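Colleague: Residue numbering for the sequence shown follows this note's numbering, beginning at 1 and increasing consecutively.
Hints were generated in silico from the structure; no laboratory data involved.
Just so we're clear, the structure is a prediction, and the values are computed from it rather than from any experiment.
Beta carbons are placed, not taken as given, at the ideal position from N, Cα and C, and that holds for glycine.
Don't take each hint at face value.
What the hints assert, rightly or not - Label pairs and their in silico Cβ distance ranges:
| # | residue 1 | residue 2 | range |
| --- | --- | --- | --- |
| 1 | Ala160 | Ala138 | 50 to 56 Å |
| 2 | Ala40 | Ala134 | 42 to 48 Å |
| 3 | Thr150 | Arg130 | 36 to 42 Å |
| 4 | Ser131 | Gly4 | 21 to 27 Å |
Claimed, not checked - In the PhoX-like style, the derived pairs of lysine-lysine whose C-alpha atoms are separated by at most 25 Å in a straight line are:
| # | residue 1 | residue 2 |
| --- | --- | --- |
| 5 | Lys135 | Lys145 |
| 6 | Lys154 | Lys144 |
| 7 | Lys12 | Lys44 |
| 8 | Lys135 | Lys154 |
| 9 | Lys50 | Lys6 |
| 10 | Lys44 | Lys6 |
| 11 | Lys139 | Lys154 |
| 12 | Lys14 | Lys44 |
| 13 | Lys136 | Lys149 |
| 14 | Lys153 | Lys139 |
| 15 | Lys14 | Lys50 |
| 16 | Lys12 | Lys50 |
| 17 | Lys139 | Lys149 |
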Amino acid sequence: MPRGDKSAYTDKQKRQAEHIEESERERGASEGTAERIAWATVNKQDGGGKRSGSARKATKTVARKTTAKKASASKASAKKVAKKTAAKKTPAKKAATRKTAAKKVVKKAPAKAPAKKAAAGKATQKSASRSTAAKKAAKTRAAKKAVRKTAAKKAARTRAGS
């Protein structure tokens, strides 16, 4: 079938394309543009020509159903994972980890400052040009990193003790 052949389209699809083409011509589109828009619209609505045989219709509907099933299954599994992680950490534990992370950051900050006096001048220049949101994000990343580090150390101790 040569490119542009419309034999695979049903009579209804051809009528729809003709109607859309007339509407586009009334709106001021050129003949070629109107035709292109009309067939693109029919393809978008129906997924192309429908007269290519019974197997094609069945394949399309099966494919749509399987992708819909996969999408709903992945959403359900994502919800389960979210519920499990939310159930694992209670609000009291979250608050405790935040407090320890804040303490660690405060303790580590003075230790780093004397070690890097040469870099301190550069750091103040960078921090002056940084926005407050960027500073806050950097602080949050550092706190989370500290929490992960302490959790890893704790896990290592429990493994060693067993």
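Colleague: Going back to the hint list, which numbers does this structure go against?
Modeller: 1, 3, 4, 8
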